[in-house]
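Trainee: Sequence:
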Amino acid sequence: MKSVYTAGLILLALVVFLQLQTLQLQQSVEESALLSQRQLDIESGDILLAAVSQGKHDRRTSQSAEATRSTRKAAGAVHIKSHTFSRLTGVPARLATKVPDSKQQKQLRRQRQLDDQKRREEARKARLQELYGNYTVHPGNFTGHVAMSRASVPQVGEQLVSPWRVYTSGHPRTLGRVTERMLSVLPANDPFATIRFPTCAVVGSAGLLLTQRFGREIDEHAAVIRFNLAPTKGFETHVGSKTSIRLVNRKHFGFRETMAETVLQHITLPEVMKDFVKLLEQNASLPTYGLDMSFYEQVIDWQRVQQPTNGFVGLKLALILCKKVDVYGFMRSYRGWFKYHYFDDEEPNETQYARDNQGELPIIQEIMAQQFVHG
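Quick note, the sequence shown lines up with residues 227 to 601 if you use the numbering used here.
If you're looking for bench data, these hints aren't it; they were derived computationally from the structure. C-beta atoms are modelled at their ideal positions from N, C-alpha and C, and glycine is treated no differently. Misleading hints may appear alongside valid ones.
Below are the DSBU-like pairs computed for lysine-lysine, each with C-alpha atoms no more than 35 Å apart in a straight line [claimed, not checked]:
#1 Lys549 with Lys477
#2 Lys550 with Lys459
#3 Lys550 with Lys344
#4 Lys344 with Lys332
#5 Lys565 with Lys477
#6 Lys549 with Lys344
#7 Lys329 with Lys344
#8 Lys477 with Lys500
#9 Lys459 with Lys504
#10 Lys459 with Lys565
#11 Lys565 with Lys549
#12 Lys550 with Lys565
#13 Lys459 with Lys500
#14 Lys477 with Lys459
#15 Lys504 with Lys477
#16 Lys549 with Lys459
#17 Lys550 with Lys477
Ranges between beta-carbon positions, derived for each pair [unchecked claim]:
#18 His397 with Gln508: 28 to 34 Å
#19 Ala448 with Arg335: 25 to 31 Å
#20 Asp571 with Leu409: 54 to 60 Å
#21 Glu572 with Asp342: 42 to 48 Å
#22 Arg399 with Asn454: 19 to 25 Å
#23 Arg407 with Thr484: 25 to 31 Å
#24 Glu507 with Ala448: 30 to 36 Å
The whole structure should be built from the sequences, with the hints applied where relevant.
Mentor: Below you can see the structure in the form of structure tokens.
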């Protein structure tokens with residue numbers, strides 16, 4: 227009986243426990259549902275606020291875009307005008323302002339441009355004065371003879387005096403006495419007296435020419451001046467194929483690449499003068515002339531150069547005969563980098579190197595100050 231009573235109590239306690247657990251579970255479910263509803267309400271509110279904010283942002287963005295389009299549309303003409311102005315003034319279009327300048331700003335800009343132009347012109351004149359200041363004769367004022375003729379040499383029996391001087395004494399060299407035989411082979415007058423070319427290319431022999439393709443450009447000139455043995459055959463792409471005048475020194479006496487080119491022969495010694503007379507007697511039909519003593523005198527006095535190089539003389543000749551001069555192949559850079567000559571493997575000695583830099587360089591700088599030098 228006692229055991230039955232105990233079992234009943236245990237059963238009753240278990241029922242009460244289960245009821246309590248059920249009640250707690252219901253409360254937990256209700257609390258969870260309430261929390262979920264509150265979270266949902268909060269999230270819904272956030273979404274609503276976000277939607278409202280986005281709507282405001284979209285409206286602001288739309289208004290801003292519309293304002294930008296209106297501004298660009300209104301400023302379109304200003305941009306075009308500004309771009310046109312930049313082209314006229316040389317300012318890159320990408321730097322052109324979209325805001326129109328005031329009249330005062332335009333005047334200031336124009337004044338600055340005029341001032342800059344004036345400074346450049348003054349600098350150019352100063353440079354030319356520096357170059358020409360010590361010269362006794364400017365090429366444009368040349369009144370002598372380029373080629374030797376019967377009209378330019380002394381009378382028969384008189385000494386033909388050269389402005390070239392003897393190293394030891396410093397006295398002028400003489401090329402011998404004028405003879406009837408000499409006069410018979412000389413032209414009556416200087417054939418270059420009335421010749422003037424609109425454009426000339428003076429082509430040196432620098433190996434640097436092999437790095438460029440100047441051939442077609444050189445041949446487009448009205449006249450092309452070359453020196454000594456410098457050939458065109460095989461190098462047409464780099465140096466062209468046209469030769470109008472070739473200056474030849476005594477080392478390469480009588481050389482010509484073609485029968486059509488005019489040869490100007492340097493005559494600085496009595497024996498060269500004798501050989502020159504023989505050459506003309508044997509080839510009377512070829513256009514070969516000796517450089518006149520008055521031309522030498524002008525060249526030497528021009529920069530006080532007693533022993534001008536062949537290239538120096540050729541550049542001076544071009545400045546006399548040509549309205550516009552382009553120079554090619556005078557910037558020599560050899561010594562392990564480029565060949566001295568484009569057509570052979572000859573290396574210069576120290577004397578040649580000094581003459582190139584002291585003799586030709588000043589005249590090249592002069593031409594660069596007003597014309598064009600290429601390689």
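Trainee: Looking back at the numbered hints, which does the structure fail to meet, lowest number first?
Mentor: 19, 20
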